[in-house]
Amino acid sequence: MVTLALPHALRPGETAFVAVTVGPITRGQEVEVTTADGLAIGTITPFGPRRGQGAGTHTLPVPAEAFHDGTLALRLRINRFDGPPRPPTAAEVSAVTLSVTGP
Amino acid sequence: MSFNRREFMVSTAAVAGASMLPFAPAQAGLVAKAKYTRYSATSDQGKAMLKSYAVAIEKMLKLPPDHPHNWFRNAFVHFMDCPHGNWWFYVWHRGYVGFFEETVRRYSDNPNFAFPYWDWTETPRIPNEMFDGPLTPVDKAFLPFTKDLDTFTAYAKPAMLSYWNALNKAQRKQLDLRGYTTFDLLWNDVTGYDPSTGTINKGNQAFAATDRSRYLSRDNPNLDPKTAKACSPATVMAGLSPNKFYSPDVAGSFTSSKTASHNVMPGNDTKFSVLEGQPHNLVHNFIGGVGPWDPGPYGNMTNFLSPVDPVFFLHHANMDRLWDVWTRKQQRMGLPILPTDKTERAELVREPFLFFVRADGTYVIDGKAGDYLSTNRFEYDYAPGFGAEETMQLAAAKTTPKTPVKGTVKGGVGSVTLTAAPTGPVVATVTVPRPAGATAGRTFDVLVNAPAGVTQVEADSPYYAGTVGFFGPAMHGMAHDATFAVPLPQQLHATAALNATSKQAPATLEIRLAPTYDKSAPAPAVKGVTVQSL
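Taken in order, these protein sequences are the chains called L and S.
Quick note on numbering: the numbering used here labels position 101 of the first sequence as 101, and the sequence is numbered without any gaps.
Quick note on numbering: the numbering used here labels position 89 of the second sequence as 89, and the sequence is numbered without any gaps.
It is worth saying that the hints were derived from the structure and are not from the lab.
Check the hints yourself; a few may be wrong.
According to the in silico footprint, chain S covers these stretches of chain L (three or more CB under 8 angstroms from chain S) [said to hold, decoys possible]: (1) 34-40; (2) 43-53; (3) 59-71; (4) 83-91.
Every residue gets a Cβ at the ideal spot worked out from N, C-alpha and C, and that includes glycine.
Work the whole structure out from these sequences, hints included.
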């Protein structure tokens with residue numbers, strides 16, 4: 001679970017984003033991002049051949065209703081073909097940041 | 001920080017004056033009348049175009065493998081040169097799809113041919129016509145070439161090796177950057193062979209056998225819920241919201257990372273913009289069967305021979321359409337459509353693109369990114385799809401922000417004098433040094449025109465403008481400043497004077513900080529302030 005705080009309440013026209021930095025996940029793995037109460041934020045699946053390199057930082061918009069009291073509680077998990085979903089390791093998801101952009 | 005009006009006008013003049021850039025009409029919002037129109041694939045016009053497209057595919061499949069217009073040869077242009085995860089993603093694919101559109105126009109015998117776009121936001125399923133005949137790679141027309149890997153290798157590899165041996169130094173340099181220093185290394189990504197382990201990684205195999213070349217089918221055409229969410233109105237509108245072509249802050253950047261070359265493959269440092277990382281990637285992967293066909297082999301769309309699947313060009317026409325939608329939004333809002341910094345813009349436009357093929361069969365061996373910044377290059381426009389009207393409504397509601405008024409700082413207090421009443425919401429920017437030490441405060445209240453004795457305020461105070469805060473722990477030895485934008489609320493004591501401001505009666509706002517929680521802690525000194533009317 002990751003908890004992030006908004007720098008300020010969202011104003012009209014503003015959008016919040018989470019940037020998720022993904023390490024060298026393999027084919028058949030994806031990073032699913034939801035809020036703690038299950039609201040889907042997005043799924044990350046790298047495109048192209050995987051050669052053991054990191055998958056980069058992926059940006060997902062966050063709807064205003066995902067925040068409670070200015071904070072965002074996120075649950076990240078690795079979905080995979082060869083086992084049940086599990087939390088990512090620190091190497092698989094090395095950073096999650098929150099930012100706000102204006103109109 | 002957004003560009004102000006003056007900066008934009010300067011940048012427009014600089015760009016329009018650069019004769020090497022062929023997009024001055026579009027830059028000025030005067031788009032030349034297009035000769036061709038790309039329609040939605042679900043429209044009657046789009047469906048008619050798909051019939052022409054099928055005619056061309058049949059012919060291009062039958063061309064010998066060493067012909068520059070052979071269907072698979074064209075897919076290898078993408079395989080060898082496509083950029084992903086960097087700021088050339090849109091511009092390269094515009095050139096690739098544009099030249100190929102001219103080639104399909106030739107072979108389709110339809111002089112008005114233009115690729116239809118698949119608007120997956122409006123239609124989160126593959127258009128039904130894309131399961132007809134050669135519009136799907138599982139069709140029998142592909143079978144003589146893609147029945148299995150041995151068949152494809154015998155058919156395509158000798159021709160590709162001949163092509164490789166004829167490449168010039170500049171082209172080989174581009175391929176070196178991609179990791180293809182030898183032909184064998186290139187071909188390994190066709191087969192999935194991993195020389196470090198001596199095994200085949202089925203997930204990396206770009207080749208797809210006919211019967212597994214596309215996961216979605218006529219009976220199962222829908223994007224799954226996750227991919228559909230990536231294509232949803234909310235996600236696409238968020239992807240269209242950035243006001244800069246490129247920004248290091250990826251949330252505010254229309255494009256992905258700035259890299260040294262378009263052939264730098266995505267890695268640890270790659271930052272994906274919303275539109276590339278979400279709808280682009282997820283649509284590619286799901287059509288190729290990522291998920292249901294794990295761990296591979298996948299269909300064509302999952303790896304870099306994705307243009308073997310004809311739906312590739314409908315998908316990328318839609319990505320290109322969204323770039324066009326974003327460009328028009330920027331123009332309507334008076335914002336730049338390219339980097340405004342001259343050096344940065346030069347880095348963008350001078351990037352060599354050396355592998356495209358013209359409709360007459362000749363190679364474009366001296367191309368550069370700057371050739372493909374405008375749709376005028378290929379004389380097309382788009383029939384409206386999702387985002388066109390929605391962004392125009394946003395732009396119409398947006399007034400041009402006034403230039404920020406920069407203040408002075410003395411004794412840790414910022415001071416800004418205004419000589420005109422605001423015409424809209426007022427926002428102050430406050431530059432704050434992050435206090436050193438692991439236990440130092442992280443949040444501070446912004447006070448406006450508060451009397452000297454006021455050291456703490458509640459949220460309903462007439463001197464309280466807002467709270468600014470640092471996220472995450474302070475890193476040892478990494479002191480830094482941060483600038484926060486703080487909208488000034490109407491209930492401020494200073495608002496009345498602000499609204500009565502004129503040249504004859506200027507108003508001064510004094511801005512300082514106070515700790516939000518630890519009242520005994522020292523307040524950090526303000527290092528800079530501006531005030532701007534939006």
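Verification of the supplied hints:
1. Coverage of the stretch 34-40 of chain L by chain S is violated in this model, with 1 residues showing a Cβ closer than 8 angstroms to a Cβ of that chain against a need of three.
2. Check result for the stretch 43-53 of chain L against chain S: holds, 10 residues qualifying (beta carbon to beta carbon below 8 angstroms, three or more required).
3. Counting residues of the stretch 59-71 of chain L whose beta-carbon sits less than 8 angstroms from any beta-carbon of chain S gives 4, enough to reach three: the coverage restraint holds.
4. Counting residues of the stretch 83-91 of chain L whose beta-carbon sits less than 8 angstroms from any beta-carbon of chain S gives 0, not enough to reach three: the coverage restraint is violated.
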